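Visitor: As a plain string of letters, each chain reads:
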Amino acid sequence: MLNAPILIYSLIAPILIVLGGALIGVLVEAFLGRAHRAAVQLTISIGTLLLALQQIWRIRNLSSTTAAVNSVTIDKAGIFLQATVVVLALVAVLLIADQDNFVAQASAVPGSNEEKSSLQEKSQQTEIFPLFLFAVAGMMLFPVAADLITLFVALEVFSLPLYLLAGLSRRRRLLSQESALKYFLLGAYSSAFFLFGAAFLYGYSGTISLSGISAAAGSANNVFLLIGLVFVSVGLLFKVGAVPFHSWTPDVYQGAPTPITGFMAAATKVAAFGALLRIFYVGFAEEQALWRPLITVIAIITMLFGSLVAIAQRDAKRMLAYSSIAHAGFLLSGVVALNKDGLAASLFYLFAYGLTTLAAFGIITLVRDSSGEVSDLNRWIGLGKKSPLVAGAFSFILLSFAGIPLTSGFIGKFAIFSAAYKSGNISLVVVGVLSSAIAAFFYIRVIIMMFFTDPVNDSVSVIIPSVKSRISIIVATVISIILGLMPSLLLNTATTYANFIK
Amino acid sequence: MNLLTIVGALPLISTLLIALIPSKSTELIKRAAFGATLVIAGVSIFLATGFDKSVTGMQYVQSNTWIAAFNINFAVGIDGISLVLILLSTILVPIVILATWHESDLGRWSSKSFYILILVLETLMIGVFAATDLFLFYVFFEAMLIPIYFLIGGYGTGNKSAAAVKFLLYSLFGGLLMLASVIGIYVIAGNQIGATFDLTQLATLQIDSKTQNLVFLGFFVAFAIKAPLWPFHTWLPDAAKAATPGTSVLLLGVLDKVGTYGMIRFCIALFPDASKTFTPLIITLSVISIIYGAFMAIGQKDVKGLIAFTSISHFGFITMGIFAMTTQGMSGANLYMVNHGFSTAALFLVAGWMMMRRGSSTISDFGGLQRVTPVMAWTFFIAGMSGLALPGLSSFVSEFLVLVGTYTRYPVAAVIGTLGIVLAALYILIPIQKVLHGPTTTGNENLKDLSLQEKIAIAPVILIIVVMGFYPKPVLDLINPTAEKVVVNAGFTDPIAKMGK
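Going down the list, the protein sequences come from chains L and Z.
So for the first sequence, the numbering used here puts the first residue at 205; every next one is plus one.
So for the second sequence, the numbering used here puts the first residue at 20; every next one is plus one.
Isolated chain Z, as found in the complex (with noise of 0.2 Å):
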């Protein structure tokens, strides 16, 4: 069997051996998730170095029918992208399982519910990722919403039931509109080429342009509000402040990253000259997400929403260096995705430790936790740096790049993009001297220091984004021929810069 299939059967088969054990062994519920997932980060890590760097096709490419009748079948393979994003997801759940190990205490169901559907969640992300078949993706992609619904509908906090269904039917409204574009573009294979949801052979349509328009519209706006895209984005608020801060990560460093995997493998790949005519819309909507959570983020009095607001903040960034289409754009776009999703699991997690010790999620309440916690205080400040696209911090390797790549086509939008980072750093900085500096605040007095526990959860994550500042390499290794070859393929050259005017 394929190593890749193996890697995402995995965790459907630990929610087996986790069923096995009694509901009442919450600990050694929670220390099997943990063992399972650590095991298949090492396996995705394993299969990472298989990965031939120099090929740009899919690799690890398996192909089985499902539903012979429609032509669909079982089809997975990884290119560059995917592959990171894999990794991505695969070294972030156990971490989030480490670092919130009582998260699931307090839900409404068992701890073993929790961790089954982690577990599940953690399937239908890599199998996201990785399928290679339009049906298969789209399978992946509307499943993928009921673990996330009962995981903030059940073990959130505050107005939970009521975020959940906001993010349920948002999602679903988005998907239902991509199934009739998933339609179209079937049929429209099926009057041409034969029925297939192959992805390579439906990039080989040709489509009249007024139906590549309404296609690509079903699949964008499914995308732009899955990556939440100003106007398409008030879901994702509620639902972050609802969530448990380990279901936020997932939901905001992978999931929602699916939107912009989306936008990349279906919307430009499979309708080039759509996403032409429709780039000019998209760089605007983008601009707007970009100024426009910035603008809410530096608003926000609670700490969860001002994450989830500097994440509407940096989709706009991903989105813009994808539909820059300069090789440079995506690939920062395509490394912005690894970096957001490392910088947002940093700051929730952190500031999920600092809300469960101090029992509130107002910024105010905070204060002088320099004094009190300096290892959680530093990790908070680190993670913020590392939103805010500190250089030598992570995010700003892909910061700078998607601006770069995006200058040499919109330069307008570039600029008041990097109006973007000014207010970054207001954002940013703002909580960063509310919480931690200053004399300590009442109520903060005794807050306890991270465990060692958790020290070892984000340890990690630090690492990561540090590294990955200063040497991008490895990733942008895997990145930048897949990049390149997306926008080569969907007809765009690079322009040249254009010197002298």
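Excised from the complex, chain L in its bound form (with noise of 0.2 Å):
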């Protein structure tokens, strides 16, 4: 006799409605006429991430660990992650509504007639709509995830659709596929890597659930949870691309059509922080001795090595993956923090952060010339005289990034570090702001080619953004700025919504 699982709707309705939302996605891709596909499957992607805010506004004060039978927990931290998930998709979807950073025909081989015949006949396919909402509803499902299986499935529901989203970028086609291709292989070996690490903590506790774990601590193998634990560890840990599982995200970031890098980068994190912060926040909490050291190590390298590698990039968008690796190693000192300050810290980075990323990406999308996007910083140079107000934006974005007073980065760095001191790890401090100040030389560098050096003649210009770039861009550096000056509206609501329920 089979029972049906008891689901409280309301609970993941969110979710549901993103998902519902692809489905409708994919319906119109099918049956709607080409002329009004675009416009109808934005107006839908909008209204879908409106409405998800809308029922994540109405539970916000609701907690449950029950909401899927034992397998998704409701509570506050993980409506916290689901809602900047969202913020971030809002943010990102008007700058992938600019289809001109897509390819017209997924399908048409790069360099075929069929290619130019789809871009000439301008039958744009909107299928990256729908794909879009699968990876959001998979995003506001990790965080929320309780036990192993669920973790799993929401890896695979958000990964799956940026592989495919990853290699649509119009321009630089093959490009664009090799990274897609590495994405998904290494993606698949770290999803393997999670699914055996998982096999061994049920084998260690009997249990797929985090709180299962979390209770059979000191009672159980030791070894067995070693392994699983370290195992799963990799499989997350490669999604925030920290060291040495960050191989990836260099070729991606650069591949990828820009709006999906910038959405990829900023809700990803937000997305597999949330997941890794619950699994050792609430899953192995009690197993503090045997991850924590681990974990410093790695944070430790990938801050380093992030900020180091970063000096030699000459390419905007692989300058901010190595950005992104010194960050993930900033947010593990979170993790490492295991404390209520850890959590909230991170929280609010996570957002500060995303919404930068997005304002980053955002930018150099408008940095083009006659042949399309030019992310190659040595052409960006004089930018500052040509148009000063993105490049005076794009100076703001960096030097929030490197933590500069009086931006959210700093906010969010200072939070972040604080946290990790009062748990004692000191040496991740030292470190953080020692890379920091590394990561400060590359940051500066782009302002100096922008604004300190003269336009050499080349043909490389800002184009005038279209009214939904426009919004994205203004809006991710509006709130970057209001966060920096006044970081307690953010804050505040992180520090209440930071508590993991078990």
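These aren't lab readings, by the way, just hints derived from the structure by calculation.
Fair warning: this is a prediction, and the values are worked out from it, not measured in the lab.
C-beta atoms are modelled at their ideal positions from N, C-alpha and C, and glycine is treated no differently.
In silico BS3-like cross-links for lysine-lysine, where the CA-CA straight-line distance does not exceed 30 Å:
id : chain 1 : residue 1 : chain 2 : residue 2
1  : Z       : K43       : L       : K590
2  : Z       : K229      : L       : K544
3  : Z       : K295      : Z       : K229
4  : Z       : K185      : L       : K590
Quick partial rundown of chain Z residues pointing at chain L, CB under 7 Å, derived from the structure:
id : residue
5  : I86
6  : A87
7  : A88
8  : E161
9  : A162
10 : G172
11 : L191
12 : L195
13 : L198
14 : A199
15 : I202
Could you fit the two chains together into a complex? Lean on the hints.
Guide: So this is what it looks like as structure tokens:
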């Protein structure tokens, strides 16, 4: 006799709405005429996300460990992370809506006549919207998943669309497809690692739920725990791009269509760190002696490696990729902190960093020459003279990444390092500030290129962005500025919501 | 609203005013900027008249919650030391604007941006001296780098962008080390008395000596980079050479004082024990700075480089006075900060005029200016004499106090420091002889003397240098009580002169 599982629909409504929106998107793609498809898809995406946000707002004070049997835990931190993902997705979807970044027909072989004709006919396919919504739904499920199987399912739900999206760039398609393949293969490996680890954890505790694993602490075979923990961590650290599991990051960031890179860099970090935080804070908190040294070491090498290698980059997207690796290291400090401050700081950091990242990639989509986007930094020389506003905004974003006071990045760094210090990890703080100093070097070099160097005779220019991109970039930048000046607006919320339940 | 906050906010409000003026009317922008800063200087002097000298605590105190989650407050207040430094800043800014009227014309960006940057910088300078919340101080301390960076990189000469970057990276590195210390002390406070950044409360912490030493070093290195102490000084000559004379005045005259100010306000006040531990090392570094700066200055061929290295020597004196931990040394160091501000301003401004007229900053290109441009020559002479601490000019009083204050505790250091005075005579008199005296060399025959505007700009500086040389009492009255308090709070008493030994 099989009983139907009891689902508390009101609590998982946000996820279900986004999944529903994605399914409608698929139908629209199949049945609606080409003329109105893009507009309808965009409306559906925005509508779905707004509705999901409204539902998250409705459940903001509720919590339950049994939202979907024992597989989904809706709690304060989970709600905050879901809201973050949806807000970032809302900003990102406006960038994605500028379709000239995407291949018109993904199935057309690069360089073929078919490709040319699809471009000429302007028969732009719009499958990116449902794919994007599926990814968002997975990202919303990931940080609230309370058992290993749901975690795995959520991981795949958001990863698979991303693999596809990464290959959809209109220009330099081979590079884009190569990056998608790399991402997919390495992602598949990491999923396998995760699953392998999950099996060991089941063997260790006899359960797949995080709270069950936590309850088994001290009573079972620690070797199994260690193996399981290490492999599960590998799977997750791959997703956040921590060293030594980072090697896909620069290639994928560079190859993927820039709006997707922005979305991936911002929202995947939120989802993956959300899950990491939950797993370590809820599942493994009792066994901290086992994993904290490991994660500390990884955080340290991630920060240093990301900052050092970024110096050598000459491509804006690759530079931001390495910078995102360094930021993953900073965020891992919040995981290692393992206290309420660390959680609150991570929540704030993820939100602030996500918005800044989206703004950064949004601006990169604007810098172009006749053949498309130019991410080669050497050709950004003198941009400050051609379009001071865009260069100024980009400089502000870089300063925020560097963590200069009066930016949101600084507050995030301060919050996360003070939490790490509080937990006794002074080495993390010292390495953190040192790598910040190293990182400052390459951020500032870009500012010099844009402002202090005279433009050479080059055809690079900043295009006039569409209304959608403009809204997206302005919103992201303005919120970043506000968060730098009045961080309390978000910090207080993050502190209130810094709570996992078992 | 608190008058102090108003003084700090005024420059920022003035930027809005200037932003409204169309970029093309440069003359109007310059006048507006000058007018605004003059008003601010006036208000700050009014602020000083309301300052009660008999109170050693903070005055004009204001505190508002800024970031509640970390208990960070917008807390400001001034005591004698910060008041004189705020006055130094607010008085120097209009002088700089008037004296370097055409400085912004040849920049990479418009004059409008130049004056907006200057005004933003003024707000940050006032803020950094007024902050009584450690976090707020840190924010001002770091944020100050950005306008200066753009001022050097956008309006400077020569290898400006490299110099701007070097300056920024050095400062950022120091600032980030300090951030680690700020986080450290915040967490320690959280464990002992509850999370706070309030300076008076932080001073009551009991920190074990190992932690205290580390946290102290984070602060000290940041400040030693700022007020460049050997071996952290290498950015300064580059920055001073690349920056315009006006920017250099603000950089060396005011911004670098944040370093020495920080040593007093944070290193000594918060970590008295660690200060004691490191004093021998710091005194040694100071002495090296004094001598090294002086020797390097003697060897300089470039006027701006010369002034930069004399400043390194002078910062050595200031640091030595601070860490001598005597009331005389402390007062002397504080007074030195003010005097050095004005004498560097005089030197840089006059040197700037000379370079503008001659089109060169190499000392050997000048010669016999005394005949051609007597007024400019005399002002340069007086500024130079103040730089070598001639009795009767302001620097003498402070240098004397520093040496006397140091001698009572570290006689050897004081004696070696005195050697710096002798070297000062060399590094000032040789260039003065080359530049001002002797026959007028080719290229200098047709130089114009100072215009009325330039005379008006430099007059108050020269006046202050002379008056403070004879009658430093008003400033000392402001400084002394606070200086004494710092020394006493750090647990020191003045050593009694060892008679008969």
